[in-house]
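Residue numbers (UniProt numbering), protein chains in the order written: chain R, 1 to 351; chain U, 1 to 351; chain S, 1 to 351.
Derived from the structure by calculation, the hints contain no laboratory data.
Be careful, since some hints might not be right.
Pairs involving identical chains hold if they fit within one copy or between any two copies, as the list cannot separate such chains.
What the hints assert, rightly or not - Dumping the calculated SDA-like pairs for lysine to any residue here, alpha-carbon to alpha-carbon at most 20 Å:
{"no.": "1", "residue 1": "167", "residue 2": "61"}
{"no.": "2", "residue 1": "103", "residue 2": "15"}
{"no.": "3", "residue 1": "98", "residue 2": "309"}
{"no.": "4", "residue 1": "98", "residue 2": "141"}
{"no.": "5", "residue 1": "59", "residue 2": "174"}
Each chain is listed here by its residues.
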Amino acid sequence: MAYIRNAWYVAMWSQDLNSQPQNRLILNEPIVLFRDGRGNIAALDDRCPHRQAPLHLGKVCESGTLQCGYHGLEFDKSGACVRNPHGNGSIPKAMRVKSYPVKEMHSLVWIWMGEREPDYSAIPDLSMLDNALPEHVTRRDFLSMNANYELVVNNLLDLSHVAFLHKGVLGNEDSTGAQVKVTQEGDNVTVSRWMPGVAAPRLFDMLFQRDGRDVDMWAEITWIPPGSLLNDTGVTGIGASREAGSGIIGLHLLTPETEQSTLYHFAAVRTNPRSFPPDIETQIMRDLSDLRRKAFVEEDMPMIEAQQRMLGLGNGEREPVLLEVDGGAARMRRILQQRIKSETASGISAP
Amino acid sequence: MAYIRNAWYVAMWSQDLNSQPQNRLILNEPIVLFRDGRGNIAALDDRCPHRQAPLHLGKVCESGTLQCGYHGLEFDKSGACVRNPHGNGSIPKAMRVKSYPVKEMHSLVWIWMGEREPDYSAIPDLSMLDNALPEHVTRRDFLSMNANYELVVNNLLDLSHVAFLHKGVLGNEDSTGAQVKVTQEGDNVTVSRWMPGVAAPRLFDMLFQRDGRDVDMWAEITWIPPGSLLNDTGVTGIGASREAGSGIIGLHLLTPETEQSTLYHFAAVRTNPRSFPPDIETQIMRDLSDLRRKAFVEEDMPMIEAQQRMLGLGNGEREPVLLEVDGGAARMRRILQQRIKSETASGISAP
Amino acid sequence: MAYIRNAWYVAMWSQDLNSQPQNRLILNEPIVLFRDGRGNIAALDDRCPHRQAPLHLGKVCESGTLQCGYHGLEFDKSGACVRNPHGNGSIPKAMRVKSYPVKEMHSLVWIWMGEREPDYSAIPDLSMLDNALPEHVTRRDFLSMNANYELVVNNLLDLSHVAFLHKGVLGNEDSTGAQVKVTQEGDNVTVSRWMPGVAAPRLFDMLFQRDGRDVDMWAEITWIPPGSLLNDTGVTGIGASREAGSGIIGLHLLTPETEQSTLYHFAAVRTNPRSFPPDIETQIMRDLSDLRRKAFVEEDMPMIEAQQRMLGLGNGEREPVLLEVDGGAARMRRILQQRIKSETASGISAP
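Make the full structure from the sequences, and use the hints.
Okay, here's the thing in C-alpha cells:
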C-alpha cells in the first residue's frame with residue numbers, strides 16, 4: 001500500500017518534545033525530532049550517514065546541533081554535518097542527512113513527508129485547541145495500534161459501531177436507526193448522524209447531567225486527508241436546539257508508522273460547556289480523558305487489531321461488503337486512492 | 001504443504017463450548033463455533049463480511065443468532081445475515097459467511113473442512129468415551145504445539161521413543177527389542193509392539209499395582225486419517241493373557257492449525273480396569289491425567305517443537321533416514337500424500 | 001551475505017563445556033559440542049539423521065558416544081551411528097552426521113567450518129591467556145548480539161567511538177584528536193591511536209592509580225580474520241614510556257550465528273600490571289570484568305543492534321560515508337570480501 005506523501009502528518013504533541021531528541025517511524029521512515037537551544041523544532045532522517053547509527057540515541061549540544069551518540073558527529077537543523085570531532089576534523093561532502101519540513105501548530109508538531117514544497121495552509125484548522133479554556137480540553141494523549149491506518153479511519157467514519165462496541169458508554173442501540181448524511185467539501189468528507197429521543201450514553205450524561213432522561217443526540221465527523229478527523233458530537237434536551245445542549249469536538253489524528261501500525265494522537269475540546277464548580281469540573285475532565293482512552297484502548301484497539309490479523313490470513317484480502325452506513329468510508333477510500341495515484345503519476349513523491 | 005480437506009477434524013471437546021462463541025484456526029482458516037439457544041452447534045467463517053471483524057468477539061443473541069461485536073450484524077447457523085440493525089435495515093446479498101458442517105459425537109465437536117458432502121460415517125469410532133464409566137476416563141484435555149501435525153503423528157506411530165523420551169514413566173530400555181508389526185485396514189495403519197518380561201513403567205505400575213515385579217507389556221496404536229490415533233496399551237503378568245492385565249486406550253486427536261502449529265486433544269479410557277476403593281480410584285485418575293499431560297508437555301512438546309525449528313534452518317528439509325521401527329510412519333506418509341493428491345486432482349477441494 | 005568458511009571460529013570457552021552436550025548456531029549451522037569420557041571434544045551437526053531431533057537434547061553415554069534423546073540412537077565423535085537400540089539393531093548406511101574439526105586451545109574451543117583441510121596454524125595466538133597469572137585475567141565472558149558481526153568489527157576497529165559512547169569510562173573527548181595509523185601484515189589489520197596528555201578514563205585510572213592526573217594513552221587493535229580482535233591499550237605518565245605504564249590486552253572473539261546475530265566471547269589480560277595487595281587485586285579484577293561487560297551490554301549492544309534495525313528498514317542498505325578514522329574498517333571489509341570471493345570461486349567451500 002502506498003501513502004499520500006505530500007501532506008502534513010502529526011509527529012507528536014508539542015508538549016512531548018523537550019530537551020531530549022525523540023524518534024518516530026512515519027510512512028516507514030525513521031525520523032528524529034529535536035529542539036535546538038532556542039526551542040525551534042527540526043526533523044531529520046534518524047540515520048547518521050557515517051554508519052547508520054540512530055541519531056535519536058545522541059543528544060542536543062548547547063549550540064543547538066544534534067550530536068550522534070556513537071562517534072560524535074554533529075548535524076544542524078538543515079541536516080548538514082557541522083562538526084567531525086576526530087583527527088583533522090574534515091567533513092566529507094556526502095555527510096548530510098535528509099531534513100523534513102516541520103511546523104508547530106495547534107499544540108502539535110506537524111511533519112511534511114513529500115518532495116513538493118510544503119503547503120502550510122494545508123495544516124488542518126484545529127484552533128479549537130488554542131482557543132478553548134485549558135479546563136475545557138482533555139489530556140493530550142496518544143497510543144499506537146498494530147493496524148493499518150485506513151482501518152482506524154473506517155472505524156471513525158462509520159460511527160454506527162458505537163452502539164455495539166461502546167454500548168452504554170459512547171452510544172447504544174436506540175441510535176441505530178439514525179439518518180446518516182454524507183457530504184463532501186473539496187477532499188474533506190463529513191458523515192452526520194442525528195439521533196432523536198435516545199437514552200444518554202454515559203459520556204454525554206456526564207457532560208450534560210440529564211440524570212437518565214432521554215436526549216436528542218448528534219455526531220458529525222469530518223475526515224481531512226490524510227489522517228485528521230474531527231468529531232462534533234453531543235446531546236441536547238428532546239426537541240431542543242443543539243445550542244441548548246452540550247458536547248465535545250473529538251480530535252483523532254492518525255499517522256501511519258508502517259502498513260500495519262498507526263500512531264494515534266487524540267484529545268477532545270468541550271463545546272458549549274455547562275459550568276460546574278471547579279472541583280467537579282476537574283473531576284469531569286479527568287473522567288472524560290480516562291473514559292475516552294479506555295474506550296479506544298480496550299474496545300476499539302482489540303477489534304481493529306483483530307481485523308488486521310484477519311486480513312493477514314490466507315485468503316483474507318477480500319473486498320468489504322458495504323452497508324448504507326458506509327457511504328463516508330467508501331468516499332474516503334476513493335479520495336485516498338485518487339490522491340496516491342495522482343502523486344505517483346506526477347513522479348515527484350516516490351520515497 | 002497441503003492437507004486432506006474432505007475429512008473430519010476435532011475442533012474442541014463438547015464440554016468447552018458453552019454460551020460464549022469460541023474461535024479456532026483449522027487448516028489455516030479462522031473459524032467461529034457457537035451454540036444457538038437450543039444447544040445446537042454451528043461453525044462459521046470467523047470474518048464478518050462487512051469489514052472482516054472476527055465474529056468470535058461478538059455474542060450469541062437470545063434468538064440463537066451470532067451478533068458481530070463491531071457493528072451488530074447478526075448471522076444464523078447457515079451463515080446468512082438475518083439482521084442489519086442500522087438505517088432501514090436492508091441486507092446486501094453478499095452479506096453471508098461460509099458455514100462448515102459440524103457434528104457433535106463422542107463428546108467432541110467435529111468439523112468437515114472439504115467441499116464434498118460430509119460423510120458422517122467417517123467420524124472415527126470413539127464410543128469407548130461414551131461407554132466407559134466416568135471414573136474410568138481421564139480429563140478431556142488439550143494443548144497446542146508449534147509443529148506440523150505430521151511430526152506429532154510420527155511421534156505416536158513410532159512408540160519406540162517412549163523408552164528414551166519417557167524413560168521410566170511410559171517405557172524403558174527393556175522394551176527396545178520389541179517385535180514391531182505393521183498392519184493396514186483400508187487407510188488405517190496399526191503398529192503393534194509386544195514386549196515380554198519388562199520392568200513396569202510408572203504409569204502401568206499405577207494401574208496394575210505390580211509393586212515393581214516385571215510384566216508383559218503391549219502397545220497397539222492405530223492411525224485413522226487424517227489425525228486420530230488410538231493407542232491400546234497395557235501390561236499383564238508374565239506369561240498371562242492380556243485379559244488378565246490392565247491398561248488404557250489413549251486417544252490422540254490432531255488438528256492442523258497451520259503448517260507449523262497443531263491442536264492436540266487427548267484423553268484416555270481405562271481398559272479392563274482393576275477395582276480400587278473410590279478414594280484411591282479418584283487419586284489414580286488424577287495422577288493418570290497429570291502424568292500424561294506432563295509427559296506430552298514437558299517431554300514430547302519440546303522435542304517435537306525443536307524438530308520443527310531444525311526443519312526451518314537453511315538446509316534443514318532433508319529426507320529422514322528411516323529405521324525398521326518406522327514402517328508405520330512411512331506407510332502413513334504414503335497414504336496422506338496419496339489422498340491429498342487425489343483430492344487435488346479431483347479439483348473440488350481447493351480452499 | 002556470505003562468510004569466510006575455511007577458518008577457525010570460537011564456539012565457546014573451554015570451561016563452559018562439561019558433561020552436558022551444548023548447542024551453538026554458527027554460520028547458520030546447528031552444531032552440538034560434547035566431551036567424550038576422556039575429555040576429548042567433538043562437534044557434530046546437531047540434527048539426528050533419523051528425524052532431525054536436536055542431538056544436544058540427548059546425553060553423553062559412559063562409552064563416550066552421544067545419544068539422541070528421542071529414540072536413543074548413538075553417535076561417535078566421527079559422526080558415525082554406532083548403536084540402534086531397537087529391534088535387530090541394524091544401522092542404515094546413511095545414518096551418520098557431519099563432524100566438524102575442533103581444537104581446544106588458549107582455553108577456548110575452536111571450530112573449523114570449511115570443507116578444506118583445517119589449518120591448525122591459523123588459530124590466532126592468544127597465548128597471553130595461558131601465560132598470564134590467573135589473577136591478571138578477567139572473567140572469561142560472553143554475550144550474544146542481534147547484529148551482523150561486521151557491525152561489531154567496525155565498532156572495535158574504529159575506537160574513536162569510545163570518546164562518546166563510553167565517555168568517562170573507556171575514553172573521553174580529549175582523545176578525539178589522536179593520530180590514527182593503519183598497518184597491515186598479511187590479512188591482519190592494525191589500527192593504532194596515540195593520545196598524549198588526556199584525562200585518564202575510569203578503567204585506566206583504576207589500573208594505573210593516577211588519582212585524576214592526566215596521562216598519555218594508547219590503543220592498538222589488531223583484527224585477525226575472520227573474527228578475532230586483540231586490543232593492546234593502556235596509559236602511562238605524561239612523557240613516560242609505555243613500559244612505565246599499565247594496561248590490558250582486550251580479547252574480542254566474534255562468531256556469526258546468523259546474518260543478524262553474533263556470539264561475542266571476551267576477556268582481558270593485564271599488561272605490565274602494577275602490584276596491589278591481594279584483596280585490592282581481587283577487587284580490581286572484579287571491577288574490571290564488570291566494567292567491561294557493562295560497557296559492552298549497556299552501551300555498545302543497544303547502539304549496534306539499533307544500527308542493525310536501521311539497516312533493515314526500507315531504503316536502509318546504504319553505503320557508509322567514511323571518515324578518516326575508518327581506514328582500518330575499510331581495509332577489513334576489502335579483505336573479507338576478497339577472501340569470501342576467493343573461497344566461492346574455488347568452489348570447495350559452499351555450505
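Quick rundown of the hints versus the structure:
no., hint, result
1, 167 x 61, "between (51 Å within a copy, 15 Å between copies)"
2, 103 x 15, "within (14 Å within a copy, 59 Å between copies)"
3, 98 x 309, "between (34 Å within a copy, 19 Å between copies)"
4, 98 x 141, "neither (29 Å within a copy, 41 Å between copies)"
5, 59 x 174, "between (55 Å within a copy, 19 Å between copies)"
In terms of the numbered hints stated before, the structure departs from hint 4 and from no other.
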